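Enquirer: Residues per chain, in single letters:
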Amino acid sequence: MKKAVMAVSGIVMVLYLIAHMIGNLKVYTGRDSFNHYSEWIRTIGAPALPEQTALTIIRVVLLAAVVAHFWAAVSLWRQARRARPERYVTKKAVAQSYASRTMRWGGVIVLLFIVYHILDLTMGVVNPEGHDASPYDRLVASFSNPFITAFYVISLLLLGMHLRHGIWSATQTLGQSNRRRERTVNAFAIVFSTILIAGFLIVPFSVLFGLVD
Amino acid sequence: MTASMQSSVGNPADEKLGMNLTLRIWRQKDPSVKGKMVTYKVTDISPDMSFLEMLDVLNEQLIMQGDDPVAFDHDCREGICGMCGLMINGQAHGPQQTTTCQLHMRSFKDGDSIDIEPWRASPFPVIKDLAVDRRAFDRIIQAGGYISVPTGTAPEAHATPVPKADADAAFDAATCIGCGACVAACPNASSMLFTAAKVTHLGLLPQGQPERDDRVVNMVAQQDREGFGGCTNIGECSAACPKGISMETISRLNHDLLGALRAGARPKS
Ligand code: HEM
Ligand code: FES
Numbered sequence: 001m002k003k004a005v006m007a008v009s010g011i012v013m014v015l016y017l018i019a020h021m022i023g024n025l026k027v028y029t030g031r032d033s034f035n036h037y038s039e040w041i042r043t044i045g046a047p048a049l050p051e052q053t054a055l056t057i058i059r060v061v062l063l064a065a066v067v068a069h070f071w072a073a074v075s076l077w078r079q080a081r082r083a084r085p086e087r088y089v090t091k092k093a094v095a096q097s098y099a100s101r102t103m104r105w106g107g108v109i110v111l112l113f114i115v116y117h118i119l120d121l122t123m124g125v126v127n128p129e130g131h132d133a134s135p136y137d138r139l140v141a142s143f144s145n146p147f148i149t150a151f152y153v154i155s156l157l158l159l160g161m162h163l164r165h166g167i168w169s170a171t172q173t174l175g176q177s178n179r180r181r182e183r184t185v186n187a188f189a190i191v192f193s194t195i196l197i198a199g200f201l202i203v204p205f206s207v208l209f210g211l212v213d
Numbered sequence: 001m002t003a004s005m006q007s008s009v010g011n012p013a014d015e016k017l018g019m020n021l022t023l024r025i026w027r028q029k030d031p032s033v034k035g036k037m038v039t040y041k042v043t044d045i046s047p048d049m050s051f052l053e054m055l056d057v058l059n060e061q062l063i064m065q066g067d068d069p070v071a072f073d074h075d076c077r078e079g080i081c082g083m084c085g086l087m088i089n090g091q092a093h094g095p096q097q098t099t100t101c102q103l104h105m106r107s108f109k110d111g112d113s114i115d116i117e118p119w120r121a122s123p124f125p126v127i128k129d130l131a132v133d134r135r136a137f138d139r140i141i142q143a144g145g146y147i148s149v150p151t152g153t154a155p156e157a158h159a160t161p162v163p164k165a166d167a168d169a170a171f172d173a174a175t176c177i178g179c180g181a182c183v184a185a186c187p188n189a190s191s192m193l194f195t196a197a198k199v200t201h202l203g204l205l206p207q208g209q210p211e212r213d214d215r216v217v218n219m220v221a222q223q224d225r226e227g228f229g230g231c232t233n234i235g236e237c238s239a240a241c242p243k244g245i246s247m248e249t250i251s252r253l254n255h256d257l258l259g260a261l262r263a264g265a266r267p268k269s
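Protein chains in written order, with the numbering used here: chain A, 1 to 213; chain B, 1 to 269.
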């Protein structure tokens, strides 16, 4: 059941995103606190556990989720193309949301964004300050550049739309929706995605407007 | 009498009489050749005609000219058999949420141009022009859309009580006429709404219980085998469905499917 794989891997990534968004807000507690938070992630469970244990587990789970999700997406995409090799001359969309229409290309852009994001802020290889700078300084350096910020903003808006449709779709895929719940599920999807994305976006904007430096 | 003469009489009801329309229709001789859109004109079409009657007028015209009439499917012409089905201006069954046979020409204006295409999905190959082969749906039904009961006299109706809410939901799902508009409208060409309607209809009733798990896994396996696309819950199907089958049926199918797989049900190969 590739749709179930897609829904479960999507939900795993969403759970991570919630934690990630909240963690990001630590920039407002200052440079030292933020750098310390970054340090803490790497040393959870120390000294009982070796360094990076928790982080490695999270990375492995997320990587598996991304691979599974991407595999399911590509396979659905191909299945749909095979199912309609001859396109309509005229086709009108009646019900579909912009979010549902951008799942595939939007998803691909989000994937490219994730790769860039890791190279930028995790590994620092494409970061303006380089990988020797502290996490906090790397973050400020990236978001001081309007082009990088713009790329982040666009990707995050796409991710927000992806989740708006994804949450609804996953509820259907997992058989948890019904006529009574339909409106609630959709309202939740919109409110949740908006809050999550706003929580992410506030950080680059704060840097861009000099509230964090 | 021409339309202008009638309207000069001043009867407002006649004002729409005599619509002149441009039709662009998909013509395809047989499955092996490529089709194309061909333009036709029809004149003096009454707003009270059904869409199929308008096509009948065109076909009479074509036959008089010695041309090949346009092939299209229909049977009851009263919205219950599910045989008719055309993509009209990019919408399955046209601008109203009804069957093509129940769509009336009053939904169009004089001078309109109307694009008419067949359902497009590889499991629904074009037989000729606008007629497609929908036997893939029959095979999905054969895979599990039935109940096995001994025949004989009808059982006493009160012997098997059904909660009102379940009966209503099962009836709503049972109104599916298998026209294929869901597949036609779906950007993925998925047959999920059709299969979900059938699974929901039987799965909600006591008579459907013995085969419930096998039904859902086999019907889903068959729709994949037929080459339909996968459902991504976009909702075009339900919006195009002449019977308004809801997205809820899809959630119910998924619920039954995951439950059946967990209980060990596997599709017959
Ligand atoms: C790697 C790049 C990604 C691609 C190519 C991608 C693509 C897709 C596609 C094609 C769908 C199915 C469309 C549908 O059901 O309407 C989907 C569903 C979904 N996506 Fe993604 N996505 C990506 C990343 C993400 C991320 C980062 C998240 C969450 C943080 C996510 C969460 C979801 C959820 C929850 C669903 C709903 C699952 C379901 O339909 O049952 N996706 N994605
Ligand atoms: S011809 Fe029977 S439903 Fe239209």
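Source of the hints: derived by calculation from the structure; they are not laboratory data. Remember, it's a predicted structure, so these values are computed and weren't measured experimentally. One or more of the hints may lead you astray.
Chain B regions said to be covered by chain A (calculated; three or more residues, Cβ under 8 Å) [unchecked claim]:
| hint | region |
| --- | --- |
| 1 | 72-81 |
| 2 | 128-142 |
| 3 | 182-188 |
Ranges between beta-carbon positions, derived for each pair [unchecked claim]:
| hint | chain 1 | residue 1 | chain 2 | residue 2 | range |
| --- | --- | --- | --- | --- | --- |
| 4 | A | 58 | B | 264 | 49 to 55 Å |
| 5 | B | 149 | A | 95 | 54 to 60 Å |
| 6 | B | 95 | A | 15 | 24 to 30 Å |
| 7 | B | 207 | A | 92 | 35 to 41 Å |
The beta carbon of each residue, even a glycine, is placed where N, CA and C say it ideally should be.
Enquirer: So, for every hint listed, does it hold in this structure?
Expert: Each hint, compared with the structure:
Counting residues of the region 72-81 of chain B whose CB lies closer than 8 Å to any CB of chain A gives 0, so the stated coverage by that chain is violated, three being the minimum. Residues of the region 128-142 of chain B with a Cβ under 8 Å from some Cβ of chain A number 0, which does not satisfy the need for three, so the listed coverage is violated. With 3 residues bearing a CB less than 8 Å from a CB of chain A, the region 182-188 of chain B meets the requirement of three and the coverage assertion stands. Range check, residue 58/A to residue 264/B: about 33 Å between beta-carbon atoms, so the 49 to 55 Å window is missed.
Taking the beta carbon of each, residue 149/B and residue 95/A are about 37 Å apart, not inside 54 to 60 Å as hinted. Restraint check, residue 95/B to residue 15/A: a C-beta distance of roughly 43 Å breaks the suggested window 24 to 30 Å. The hint said 35 to 41 Å for the Cβ distance between residue 207/B and residue 92/A, and at roughly 40 Å that hint holds.
Hints 1, 2, 4, 5, 6 from the earlier list are contradicted by this structure; the remaining hints agree with it.
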